[in-house]
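Number of protein chains: 2
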Amino acid sequence: MVTPESVDKQAITEFFTGLQDRICQALEAADGARFHEDLYERAEGGGGRTRVLQNGNVIEKGGVLFSAVYGPASESVRKQMNAEGPVEFYATGVSIVLHPRNPLVPIIHMNVRYFELSTGDCWFGGGIDMSPHYIDADDARWFHRQLKTVCDRHHPDYYPKYKAWADDYFYIPHRSETRGIGGIFFDYLRPSDTRKKEDLFAFVQEVGNAFAPIYTHFMEKNNPLAYGEREKQWQFLRRGRYVEFNLVWDRGTKFGLESNGRTESILMSMPPQANWTYDFRPEPGSREEQTLNQLRKGINWADL
Amino acid sequence: MVTPESVDKQAITEFFTGLQDRICQALEAADGARFHEDLYERAEGGGGRTRVLQNGNVIEKGGVLFSAVYGPASESVRKQMNAEGPVEFYATGVSIVLHPRNPLVPIIHMNVRYFELSTGDCWFGGGIDMSPHYIDADDARWFHRQLKTVCDRHHPDYYPKYKAWADDYFYIPHRSETRGIGGIFFDYLRPSDTRKKEDLFAFVQEVGNAFAPIYTHFMEKNNPLAYGEREKQWQFLRRGRYVEFNLVWDRGTKFGLESNGRTESILMSMPPQANWTYDFRPEPGSREEQTLNQLRKGINWADL
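Chains A and B supply the protein sequences, listed in that same order. Here the first sequence is numbered in the numbering used here, starting from 1 and rising by one per residue. Here the second sequence is numbered in the numbering used here, starting from 305 and rising by one per residue.
Hints listed in this document are in silico derivations from the structure and should not be mistaken for laboratory results. Every residue gets a Cβ at the ideal spot worked out from N, C-alpha and C, and that includes glycine. Any given hint might turn out to be false.
[Claimed, not checked] Derived DSS-like pairs: lysine-lysine, alpha-carbon spacing no greater than 25 Å straight-line:
{"#": "1", "chain 1": "B", "residue 1": "Lys601", "chain 2": "A", "residue 2": "Lys254"}
{"#": "2", "chain 1": "A", "residue 1": "Lys197", "chain 2": "A", "residue 2": "Lys161"}
{"#": "3", "chain 1": "B", "residue 1": "Lys452", "chain 2": "A", "residue 2": "Lys297"}
{"#": "4", "chain 1": "B", "residue 1": "Lys500", "chain 2": "B", "residue 2": "Lys465"}
{"#": "5", "chain 1": "A", "residue 1": "Lys254", "chain 2": "A", "residue 2": "Lys297"}
{"#": "6", "chain 1": "A", "residue 1": "Lys148", "chain 2": "A", "residue 2": "Lys197"}
{"#": "7", "chain 1": "B", "residue 1": "Lys536", "chain 2": "B", "residue 2": "Lys465"}
{"#": "8", "chain 1": "A", "residue 1": "Lys232", "chain 2": "A", "residue 2": "Lys9"}
{"#": "9", "chain 1": "A", "residue 1": "Lys254", "chain 2": "B", "residue 2": "Lys558"}
{"#": "10", "chain 1": "B", "residue 1": "Lys383", "chain 2": "A", "residue 2": "Lys79"}
{"#": "11", "chain 1": "B", "residue 1": "Lys465", "chain 2": "B", "residue 2": "Lys601"}
{"#": "12", "chain 1": "B", "residue 1": "Lys452", "chain 2": "B", "residue 2": "Lys465"}
{"#": "13", "chain 1": "B", "residue 1": "Lys452", "chain 2": "B", "residue 2": "Lys383"}
{"#": "14", "chain 1": "B", "residue 1": "Lys501", "chain 2": "B", "residue 2": "Lys313"}
{"#": "15", "chain 1": "A", "residue 1": "Lys232", "chain 2": "B", "residue 2": "Lys536"}
[To be verified] Beta-carbon label-pair distances, calculated as ranges:
{"#": "16", "chain 1": "A", "residue 1": "Arg141", "chain 2": "B", "residue 2": "Asp342", "range": "53 to 63 Å"}
{"#": "17", "chain 1": "B", "residue 1": "Arg600", "chain 2": "A", "residue 2": "Asp8", "range": "24 to 34 Å"}
{"#": "18", "chain 1": "B", "residue 1": "Lys558", "chain 2": "A", "residue 2": "Pro213", "range": "31 to 41 Å"}
{"#": "19", "chain 1": "A", "residue 1": "Asp303", "chain 2": "B", "residue 2": "Gly349", "range": "19 to 29 Å"}
{"#": "20", "chain 1": "B", "residue 1": "Pro517", "chain 2": "A", "residue 2": "Glu28", "range": "52 to 62 Å"}
{"#": "21", "chain 1": "B", "residue 1": "Ala387", "chain 2": "A", "residue 2": "Ser6", "range": "32 to 42 Å"}
{"#": "22", "chain 1": "B", "residue 1": "Asp472", "chain 2": "A", "residue 2": "Gly45", "range": "49 to 59 Å"}
{"#": "23", "chain 1": "B", "residue 1": "Ala387", "chain 2": "A", "residue 2": "Glu258", "range": "50 to 60 Å"}
{"#": "24", "chain 1": "B", "residue 1": "Ser590", "chain 2": "A", "residue 2": "Tyr40", "range": "23 to 33 Å"}
{"#": "25", "chain 1": "A", "residue 1": "Asp187", "chain 2": "B", "residue 2": "Asn513", "range": "46 to 56 Å"}
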């Protein structure tokens, strides 16, 4: 039971470390392979626990990262928050990207995070989104309905708002494509009179807890599906788009690389193999073309 | 013979289209495969001629691009140039990236460009740099001496200055590595009392003309060298670094993708296949480790 006074950064951090543990256990049980763990310390304060699984039975390469870092807030954070004078920040969260071996199993991404300033300002952020190499409408509907159920338990506005935010965020302007079928994305969820800190934390907890059942569902259901060389080649091209989004447009990756974060942890999101073919165009009417045509914002997957 | 009055944008553009032709011919002769050509028009003015060679005998994937684009200068260009009111720009150049099949043949990049504003301001830029998957000191010395010879014919300061500029430009901060062994890089070469426009153009022409003999030398000398699976795997990881540099740090790529350039032309620089392995560390004393140790700024390759 979460009580107002217990929702401090320590309680949130403890929830995140436990979440990382539980997710890794669930993924290991579904995959059969084990995560490798690296602990690291950040010179300026704090550190992280990076867990990576490579060459698993279902997961070809994936990472489940926990970090809790703190120290003096950067110039840009202080400006953004209109804070004058020295400000300390504390940031903690869990980030996940999983690249499956089978092209019929989708790539997934999850992040839950909490940020606090010594000025008293604090907020939550996060989300879950999925990038199938081949879009299957039933899978997409099921995925979005899971997220909608989680959201609806907290506020009827959450799902439509955070679904639209994911469409906007996970977009690749130079390709005019969404990264995948989206999901939910939210940021700057600050306590207020109508949304207490414990309520926001309860929502973020439920998003985090929803991850393992959602993804192990796809691991178990889709990994047995047969595929061939054609599907692998398409997967490599789609992973190329994933690389393009993460390196060119993703604010988290950009911020991490430019602010001297631990590169190997940040870039755990890179796929094991990605290919680029000049001006590749799928055959008209093919499943590859159908997928491309559905990489658009505003598709109401939950009701499709 | 270049005379002052003949160095206008038309003459420069014509040189660049001819350069693209001659380089493609030389590469086709050395490879045996043919370039595929795509012409495109830019909605705002101008266009380009993209030539791509895929699955060649020596070149696995590479592009030789010509473009000449014009129109109203963007807000940021006007600010940078302290220009008030509407300004028109004209930009033309040739860009090349070649990814060879054999890991013992280096990746190469070349760019020569000319920029002109309706304010009368104009400048040249460009350079050649090489990214060997395995650094060979003899190859690196030969490569840098070729560039030094070209530079020295124009000004004794050019090579040291533009060599250092390449070291700084082709650097991957989040890896603390240079992209390769560098080469030369120069920008904003503006006509002045001591450096006439025809002299600058003559220098840029010689840089452009130096490309084909330099790279076909490595195609012919290194392509016959034997390699195995280990070298291929290392090549895929090094190409991953190439992707990271181009998508995260390269100003030209960034500018192109953010300003609605033709994506397939800009991203012709992407390798056919790149791999990422979490926290890969080469064996102590291996050729892979030796290469990593030499991906540093300030190595005087020409005199080594």
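Comparing the hints with the structure gives:
A hinted pair counts as satisfied when its Cα atoms are at most 25 Å apart, and Lys601(B) with Lys254(A) qualifies at roughly 23 Å. Restraint check for Lys197(A) and Lys161(A): satisfied, since their Cα atoms lie roughly 19 Å apart, inside the 25 Å limit. For the hint pairing Lys452(B) with Lys297(A), the CA-to-CA distance comes to about 52 Å; that exceeds 25 Å, so the pair is violated. Under the criterion of a C-alpha separation no larger than 25 Å, the hint pairing Lys500(B) with Lys465(B) is consistent with the structure, at around 19 Å.
Annotation: proposed proximity of Lys254(A) to Lys297(A) holds, straight-line Cα distance about 23 Å (limit 25 Å). A distance of roughly 21 Å separates the Cα atoms of Lys148(A) and Lys197(A); the hinted pair therefore holds under the 25 Å criterion. Our distance criterion of 25 Å between C-alpha atoms is broken by Lys536(B) and Lys465(B), whose separation comes to about 35 Å. For the proposed pair Lys232(A) and Lys9(A), the alpha carbon gap of about 43 Å is over 25 Å, so the pair is violated.
Of the supplied pair hints, the one linking Lys254(A) and Lys558(B) holds, its CA atoms being roughly 13 Å apart against a limit of 25 Å. For the hint linking Lys383(B) to Lys79(A), the alpha-carbon distance of about 23 Å falls within 25 Å, and the restraint holds. As the CA atoms of Lys465(B) and Lys601(B) are separated by approximately 13 Å, the hinted pair is consistent with the 25 Å bound. Only pairs whose Cα atoms come within 25 Å are accepted, and Lys452(B) paired with Lys465(B) is accepted, the gap being roughly 11 Å.
A C-alpha spacing of about 35 Å is found between Lys452(B) and Lys383(B), which places the hinted pair above 25 Å, so the restraint is violated. Taken as a hint, the Lys501(B) and Lys313(B) pair is honoured in the structure, with Cα atoms around 11 Å apart against an allowance of 25 Å. Between Lys232(A) and Lys536(B) the CA atoms are separated by roughly 19 Å; this keeps the pair inside 25 Å, and the hint holds. Our hint of 53 to 63 Å for Arg141(A) and Asp342(B) is violated, since their Cβ atoms are close to 39 Å apart.
Our hint of 24 to 34 Å for Arg600(B) and Asp8(A) is violated, since their Cβ atoms are close to 46 Å apart. Range check, Lys558(B) to Pro213(A): Cβ separation about 39 Å, and the 31 to 41 Å hint holds. Hint check: Asp303(A) to Gly349(B), Cβ distance near 44 Å, so the stated range 19 to 29 Å is violated. Distance hint for Pro517(B) and Glu28(A): a CB-CB separation of about 56 Å, consistent with the stated range 52 to 62 Å.
As the Cβ distance of Ala387(B) to Ser6(A) is approximately 59 Å, the hint placing it in 32 to 42 Å is violated. Checked against the hint of 49 to 59 Å, the pair Asp472(B) and Gly45(A) fails, with Cβ atoms roughly 30 Å apart. Distance hint check for Ala387(B) and Glu258(A): the Cβ-Cβ separation is about 29 Å, which falls outside the suggested range of 50 to 60 Å. Judged by the Cβ atoms, the range 23 to 33 Å given for Ser590(B) and Tyr40(A) holds: they are separated by roughly 25 Å.
A hinted range of 46 to 56 Å for the beta carbons of Asp187(A) and Asn513(B) is consistent with their spacing of about 52 Å.
Going through the hint list in order, the structure does not satisfy hints 3, 7, 8, 13, 16, 17, 19, 21, 22, 23.
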